[in-house]
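The chain contents come next:
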Amino acid sequence: MRRLRRYGTLIGFAGIVAAFAVLLPDTFLTTRNLLNISQQVSMLAVVAFSMTLVMAMGDFDLSVGSMASLAGVTAAAMFQAGHPVPAGILAALAVGLAGGLLNGVLVAWVGILPFVATLGTLTMFSGAAFVVSDGRTIFGRDIPEPFAAFARGGVEVAGVTLPALTLAALGVFLVVWVLLEHTAFGRRLYAIGGNAEAARLAGVPVARLRIAAFGLTGLGAAAAGLMYASRVASANPTQGAGLMLDAIAAVFLGMTMSEEGEPRVHATLVGVLILAVLANGLTQLRVDSYIREILVGAIILAAVGAAGLGRILGR
Amino acid sequence: MRRLRRYGTLIGFAGIVAAFAVLLPDTFLTTRNLLNISQQVSMLAVVAFSMTLVMAMGDFDLSVGSMASLAGVTAAAMFQAGHPVPAGILAALAVGLAGGLLNGVLVAWVGILPFVATLGTLTMFSGAAFVVSDGRTIFGRDIPEPFAAFARGGVEVAGVTLPALTLAALGVFLVVWVLLEHTAFGRRLYAIGGNAEAARLAGVPVARLRIAAFGLTGLGAAAAGLMYASRVASANPTQGAGLMLDAIAAVFLGMTMSEEGEPRVHATLVGVLILAVLANGLTQLRVDSYIREILVGAIILAAVGAAGLGRILGR
Amino acid sequence: MRRIEFLGLSRAYGGQPALVDVSLTLAGGEIHALMGENGAGKSTLIRLIAGVTRADSMRVRIDGAEVPLASAADAARAGFRFVHQELHIVPQLSVAENVALGRPLPRRFGLAVDWPRLRAEAAAALARLGAVGIDPALPAGRLTTGERMLVRLAALLVAGDAAPRLYVLDEPTAALTHAESARLFAVLRDLARDGAAILYVSHRLDEVMALCHRVTVLRDGRVALAGPTLEIGRDGIIRAMTGREPRGAARPIERSDAAATAARAPVCRLDKVAAGRLSGLDFTLAPGAILGIAGLENAGQSELLRLFLGEGRIAAGRLEVLGRPRPSGPAEAWARGIALVPRERRAEALMPGRTITDNVVLPHLGRLSRPLGLARARAEARMARDMAAQVRLRFRALGQPVRSLSGGNQQKVVFARALAGAPRLLLLDDPTRGVDVDARADLHELVRGLAARGAGVILTSTDLTELLELGHSILILSAGRQAGLVPAAGLTPETLLGAIYRAGERAA
Amino acid sequence: AEGRVTVVTPYLAQPGTQFYVDGFKAAAAEEGWEVNVIDTAGDIAAAVARIEDAVTQGVDAIVINVDPAQVEAGLAQAQAAGIPVVGMDAGMHPMLATNVTSNGYAMAVETATYIVNRIGGAGNVVMFVFDPFPPVQMRGVIADAIFANHPGITVIDRVTPDVQDGGIADSRAKMEAILAANPEPGSIAAVWAAWDQPALGALQAIEAAGRAGEGIVITGIDANPQARDAIAAGGNFEASVAQDFIGIGRTAAGAVARLLAGETIREPVIYVPTRLITAANVAE
Ligand SMILES: Nc1ncnc2c1ncn2[C@@H]1O[C@H](COP(=O)(O)OP(=O)(O)OP(=O)(O)O)[C@@H](O)[C@H]1O
Ligand SMILES: Nc1ncnc2c1ncn2[C@@H]1O[C@H](COP(=O)(O)OP(=O)(O)OP(=O)(O)O)[C@@H](O)[C@H]1O
Ligand SMILES: [Mg+2]
Ligand SMILES: [Mg+2]
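Protein chains in written order, with this note's numbering: chain L, 4 to 318; chain W, 4 to 318; chain Y, 22 to 529; chain F, 3 to 286.
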């Protein structure tokens, strides 16, 4: 029973992959398609991984999507103004870190609920993205070739080209994994999420850790925004908007896999992959786009439902 | 200190109203403008009021926006197929109730986290809305005149015409207020929100109440969808999408006003009004759209921040 | 000898003083008891010196030198260590991490946690408390209540940044068995012998008399008495706590109460019932009877009580409650007059953020409401006020959140809820945990009164004295099996403990 | 002349909208008007609300870029207050003084027939459509009709991309999946997109898949600058249709000026000419 509870979602994922492998024998489980999937999902993955940091504390960050947009247009606007590529990237990351720290301060010091605080900054960052870009898409000659080339590039390993975006996402995964699973910082984030009162009584510096975690999440969102801009060789003030809900969904999907329902970054990875594989596979099956939406919802619920049922029956 | 904590958000709201009254002396505090605001916000209000029911239990419903869209296109599709107005309305409300009950069953019986369950049904309802409407906007001759006339109509009281939409929202407010504040049902919902396991052991039929509350929230979302369709005399499969985040924001804004941070429907009303007044006032001040976004975020944070600071200092 | 002085501690909540100018001097090598009725201010004092609640005024001197104490970090730097009243563990983290919570973790390469060392340190601390059965790698969420308390206690003992000088324990034995408590006392005596000061809060007078050198008694937030324990004596402590003369010993068990009603239909009847871990349950509870369930920690006491709520699947045998098959779940149980005081007040009983009224009336809402489920706020308040008076709750207003009550008073709220409907079967799972001596006697009186009016009562307790004071007969559980059913008359805590261990050995 | 004009659109993030707003603003600046542009980010009811607010505020004219039937509640208030409303690529409606737009049917005819001609009337075609938005939906209908008129042409997929992110990234992901499902060279002859963003996404997918050499013909509509760059580069993206966005904006401003001068406008729709953009004329 406990098995079913913990591995329900994983079994669901395996089921989805198996189904597509059978239905699309020639195209689904090919190296090229798998690499494509990994690349398509890399931006969402980076946001979801860094979202896991704040969710480990039991918090949320709704502003990641608009932060990704803001970071993208910030870099693009820097390029447009003639600054070199590293300057643009640094500026975007600095904006991400600053925005994330602002979220942290609002939550930890001013004492605003994370949901409200980051909903407020979501609106502000989105407005700022419009102001920075003047509401336009920045593209073409304004985007330096080396910047756009990054997303097209990759590293050749044993005859296979691992896309640069995939590698970037893996890098973020590793960093978050080490942070959460193997440092005192991460363990304290879990302590806050598991029992904030206990953490406070035990002398864990709750406010400082919260601010740091939100800062890192902002940084991650900015990195995702840069990856997105590089991939589409352009930046517009709304392009990150879709990332937020999907990232939270991925973390929650992962949370069904842990005993006490806490978010773990490797579980988030599974959540991200479920979303990506469903999108890719159903499109290849040429399922009608409307029906596809219904199916995605139903399949996610079925995958998670097994886990949930396990919990109920095991009680 | 406690005063500041509880009334911070209310004071913030009063400050916003006062500021607009001074800046727009001729147009803001006019009966016509206030009635306009009440009408503009009525759909959001209905969703937020019914969302308060599930949030009293500590749950969420992310599917309300797509349910509103689905209900709208369901009614419109019925009209298109030649059914009379009452049949279309009943069908839409039935869909809302059924969808809400499905959410409840997924949460209470299958044991899926509300966030994941309603994210899944969000996707499904949205897909269903596309299927029902065949992805089109249904408008023009297909929408019967009496249906569209509802939103334009009103009731004349003492020389002032109270818009029908405003009255509908008030009706929903009253129903939810009585339910939450004056029935055993509502008290039990709050008990679940206070400690679900304790409530269960104290004889509260937690699963049944959860299903009922989600059902009502679905019904409310469908009603809002019908109001929306009537107001824009058309229905398309995405028109309710914006309601969800705003409704949750309104409830959370209201939650800052209660001592223990529980959602109360009269506080939700204040939350809804803050959002509505900001949109109306800033438009009249002809603030640039982009800057307006930044301002809305900042003003909300400032209003709530006072409440939050009060809580911190009072510790 | 080291002296730690806390001078002029004051703190008010919403204008109501909880502590008024309290001073306390602790000496290295001494175990100092802090006593007082529920709500007297003990936990408040401890939260102030732990730096987790802001004091209105407070000065701290260690060996004459003033030290700052504004945050938990300050307290840690001063070498103060705490076990607070409520069980504060993080279920998601491993036992080892809970033991080290808030301390710097051992690291490798200056970054990554050194897991083997962390576990070894935790294992050593647990071993010192005799808790060798707890695996430091296990998620703490899987532990039982008693084990969780041991984990918190172990956290006192691991090495930290500052040498520990003061250990503070707020009702540590409330969740421990006799053996575990004995172990803890040995460790505390060791720590004192090594020169540490210890501040110890408990409502169990026997413990205090046996363990503590000095005692400070609080009444209504002020120091009522302070001095050497032996000089003051039991009665002196009680007098200082309550301001009244101590009552006589507990009323002798009146068997006539039970006998008068034994003729009527039984409250419940179990016929060779097996369910989950439980087996061989075979007894009848007559109206007016009080049955105590005794057994080692985790012998299945809570599961047994929950059977009557309709929880757990019955694998064999027959269970009848109030003349009918057992209810299908807690909702039906309460409706049929079965009431429960659960074991864990925070996790299983209270809605901490809701008002006293909300907490008391919750299971009785159906009866209190008008048709169509319209609530009657006034009737609810009346019930809450009546019950609060009966259990002698100390509160400011019925509308105050239960969170702001003292620990013992929170427990009384749970009791008030269970007694409110005049239940016909009352299930008590360690019901007076953290309740002061005087209030405990009151609650016992209420339970006896209920039984005298014909209700059946089933009771578990980690405190064997309580079982024997209340119970007419004692059912001994051993690893879930009914190992004996004996009259309480003539048993002493020692003979009962012997019987429990003998049953345990037979089962093994 | 003095004049306060409010422009209401739910679609400001779309490149096309931005251009006619720019055209309108430029013309308005010449007239010396105070212009307030309001974007409701896709929310139609909010567009109604903002029209009402503008009426409350007593502006001299309102310009809308949203289906007038859906904002009728707002239009009624404007009419009652005697404030003229001009549609800027909005649709025809009795409560509008006039609507200024391009001819959508004609644009779809130009790109669909371009594809038919380029692939010789035979081959598999992928369509990117968006039916929820009526002006775009009707382009799809026209293209469907033209492809159906050629028995050699098979429409193998009719994709509705997720437009939340602007449409490029999701279209690219969808096209990658379609390419994976049709690995044979030549198995896809053309991609017809109802606007430029999906066409750009499809182009990126084809190039990334290393199938740029197969001669897959891509067309879009709108000829936005990014599309023009792609067409100028001489790759698979061969054609798009330029609407004169600036012209629509300017013409709408002209209509407002006529109304403010007290003139009545007779024609319910004013068409601004469009133009097929290919490698041949993209540089102009
Ligand atoms: N957060 C709070 N808000 C308001 N009042 C509080 C709060 N915490 C404690 N009090 C009040 O302070 C007084 C002292 O409570 P405290 O918890 O210190 O009692 P205690 O001596 O530890 O009692 P017990 O033996 O029941 O644990 C009580 O009247 C209680 O209601
Ligand atoms: N709400 C929307 N949802 C999806 N796509 C949209 C939406 N609004 C606009 N678009 C897309 O963005 C593109 C550019 O927008 P724009 O308003 O310029 O359309 P258009 O080409 O002018 O339409 P028309 O044929 O009416 O002239 C459109 O072609 C349309 O495909
Ligand atoms: Mg206490
Ligand atoms: Mg247009």
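FYI, nobody ran anything at the bench for these hints, they're computed from the structure.
The beta-carbon is built from N, C-alpha and C at its ideal position, and this holds for glycine as well.
Check before you lean on any hint, since a few could be wrong.
If you want the ones that stay clear, here's a sample from chain L, every Cβ over 12 Å from chain Y, calculated [claimed, not checked]:
(1) Arg35
(2) Val108
(3) Phe188
(4) Tyr193
(5) Ala305
(6) Ala309
Each computed DMTMM-like pair below joins lysine to aspartate or glutamate, with the alpha-carbon atoms no more than 25 Å apart [claimed, not checked]:
(7) Y:Lys293 x Y:Glu324
(8) F:Lys27 x L:Glu262
(9) F:Lys27 x F:Asp62
(10) F:Lys27 x W:Asp291
(11) F:Lys27 x F:Glu269
(12) Y:Lys293 x Y:Glu252
Cross-check of the supplied hints:
1. Arg35: 36 Å, holds
2. Val108: Holds, because the least Cβ-Cβ distance between Val108 of chain L and chain Y comes to about 19 Å, which exceeds 12 Å.
3. Phe188: Violated, because the least Cβ-Cβ distance between Phe188 of chain L and chain Y comes to about 9 Å, which does not exceed 12 Å.
4. Tyr193: Violated: least Cβ distance 5 Å, not greater than 12 Å.
5. Ala305: Ala305 of chain L clear of chain Y: closest Cβ-Cβ about 27 Å, beyond 12 Å.
6. Ala309: 21 Å, holds
7. Y:Lys293 x Y:Glu324: The given pair, whose Cα atoms are some 16 Å apart, holds under the 25 Å limit.
8. F:Lys27 x L:Glu262: 59 Å, violated
9. F:Lys27 x F:Asp62: 15 Å, holds
10. F:Lys27 x W:Asp291: Holds, at roughly 13 Å.
11. F:Lys27 x F:Glu269: 23 Å, holds
12. Y:Lys293 x Y:Glu252: Measuring from Cα to Cα gives roughly 53 Å; hence the hint is violated.
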